[in-house]
Amino acid sequence: MCAEELDFIEKYDLLGCIQCGRCTGGCPVALRTPLRVRCFMNDTQNEERLEELSEKPEIWDCTTCYTCAARCPKGLEPLEVLIGLRSLLIEEGKVQPTVRDALESIFKDGNPWGSPRAKRLDWTEGLEVKTLEPEAEETTDVLLFICCTDAYDPRVMKVAQALVKVLDAAGVDFGLIGEDESCCGSEVRRLGEEGLFEMCDEENVELLNSFNVNRIVTVSPHCYNTIKKEYHGLKHEVLHYTELVAQLLEDGKLELSKELKNVVTYHDPCFLGKQNDIYDEPRYILTRIPGVEFREFDRCRERSLCCEGGGGKMWVESESKEERLAEIRVEDAKEMGAEIIAVACPFCLLTLEDATKVKGVDEEMRVADILELLAEAL
Amino acid sequence: MNMVVCVKRVPDTAESEVHIDASGKDIDKSRLSFGINECDNYAVEEAIQIKERLGDSTVTVISMGSKESDEVIRMALAKGGDDAIRLEDEAFAGGDGLATAKALAAAIKGLEYDIVFTGALADDDGYAVVPAALGELLGVPHATYVKKVEISEDGKKAKVGRELEGGLMEFLEIELPCVLGIQTGINEPRYASFKGIKQAAKKEIAVKSASDLGLDASEVGEAGSWAVLEKFTLPVVGEMAEILEGDPEETAAKLAGILKEKGLI
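Residue numbers (the numbering used here), protein chains in the order written: chain H, 1 to 378; chain X, 1 to 265.
Derived by calculation from the structure, the hints in this document are not laboratory data. Treat the hints with care, since some could be wrong.
[As the list claims (entries may be wrong)] Dumping the calculated PhoX-like pairs for lysine-lysine here, alpha-carbon to alpha-carbon at most 20 Å:
{"no.": "1", "chain 1": "H", "residue 1": "K108", "chain 2": "X", "residue 2": "K67"}
{"no.": "2", "chain 1": "H", "residue 1": "K108", "chain 2": "X", "residue 2": "K29"}
{"no.": "3", "chain 1": "H", "residue 1": "K130", "chain 2": "H", "residue 2": "K158"}
[What the hints assert, rightly or not] Partner residues aside, some chain X positions facing chain H, computed with beta carbon under 7 Å:
{"no.": "4", "residue": "E15"}
{"no.": "5", "residue": "S16"}
{"no.": "6", "residue": "G35"}
{"no.": "7", "residue": "K195"}
Backbone N, C-alpha and C fix where the C-beta goes; we use that ideal spot for every residue, glycine too.
In isolation and in its complexed conformation, chain H is listed as follows (with noise of 0.2 Å):
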């Protein structure tokens, strides 16, 4: 470990902290692990700690949410501690093998999955979509950044054809960047791999900036918080999916014409939410379906339960035995009557799923996507 890696009070501004607990109060993990946020912001201000801090399982249990991040009275972001934990491991090369699995599968192959590059566009089989030329004279209006997890994931791959279906329907002109795509990296930020990061922000921007493009549409919510927020350089405009849809929908180009006569509620995911203030999207589309009943978890927009999905959760399994938040999620929207549970990310929509086989209920509740309901209601 360099010194500088071990400056975590500087890096962190630890000495702001009050040590008032808000962090922990409202971290969604806390419910049912032994994380406890506030305490690592005052023991990595021992710089002799930090080697043993790391070591504690719990350092893993962070989804990131960035709850604490949002009560944090000071304008701190204690998540970014947990990170910084992780940092050090990641140099000591002492991580779990799914997550090293992860990170050398990003180094070589531009996706988290083990799967190879020239698989990137299988999803897009049986459908017609236009892959974009870098440096092309005439100007696309969208290029779509689809997800590793929407290209290689079967379950999800189906998103991102509910996505092409949706954008043909209404008209837009859009392209892919192919198999050149690569890992967004936001997980990789948040497992604790800052020079692989650092990789993935220089060279997606300068893929990206190479096109001649109006925006870019992300799939994933996590693609998005890191291209627009964490990437250096980028010059295009950068949406979430749902903001392209709803204006869609406002300016009238996108006709729904079939019911979905269900109970649907909607699942914030915090990388949309929490992170990035998109709340009202999402619901404006959802009850845009014709025959779709809305109703709202308890729990929702800013104090929306984590699913646990995000933070590199995908590669890391928790110590803990206690039910998982997926679950409980499930289980309120069982209570509600809901028969669908919308979500606009591909972890939420894998993690729901998941808990409404473990729960039993997944012959009389479904989790999906937006965009598939969309696709159903054209």
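Use these hints to put chain X onto chain H, whose structure you have.
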């Protein structure tokens, strides 16, 4: 303890479609990604762990291949390797495991070593020849499919466990210096961070040709091989092959019927 680890950069074919290229002697690698041979990754980890355990040790990384192999060498250096040598020469092309072992042996002979680690076999050609041939050429004992290594206190011997079938392990006592062909699963390879790999890029990799190693072109590569690859062909679907069609339930029932009919179950 002075250790040498031999690593190979190989294409990753586990998840990819593999096609024979126009020459008929190789696969089309244009759309494949490359990385360290899986067994070799465990060999690197084993050497680094021994270095960490014993202290006062060196790990030299050797690879045969083009400049692109520097990537896997750097990864091994980032994990704790000290020096690196890359063997590159047109004369090395098309060699079998024996020809590869000749070049490696020539490079290793000039070094002080107690243990030479290799992977048990390579993911691409799967010959599994290098550790045995290397031991023979260096005139030292070797063990293959090694899944456990314990160095004696005086550092003169090692107790090694070889993986046999059915979960059995064969234990041997082997005198150092020796060559050990490492099998996957012996340890849990660590992660090499991006910063670590970049840092390792500052270390020099000594590049050596056949003549640098005192080898004649006729001794290495295809010319120096006992086994020469003539061509790849896809297995021909013969008349005896029957493809069962239908959903899993139907095909399972058909398969069970056939097995019963032939008196196999």
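Right, here's what the structure says about each hint:
no. : hint              : result
1   : K108(H) / K67(X)  : 17 Å, holds
2   : K108(H) / K29(X)  : 14 Å, holds
3   : K130(H) / K158(H) : 18 Å, holds
4   : E15               : 5 Å, holds
5   : S16               : 5 Å, holds
6   : G35               : 5 Å, holds
7   : K195              : 4 Å, holds
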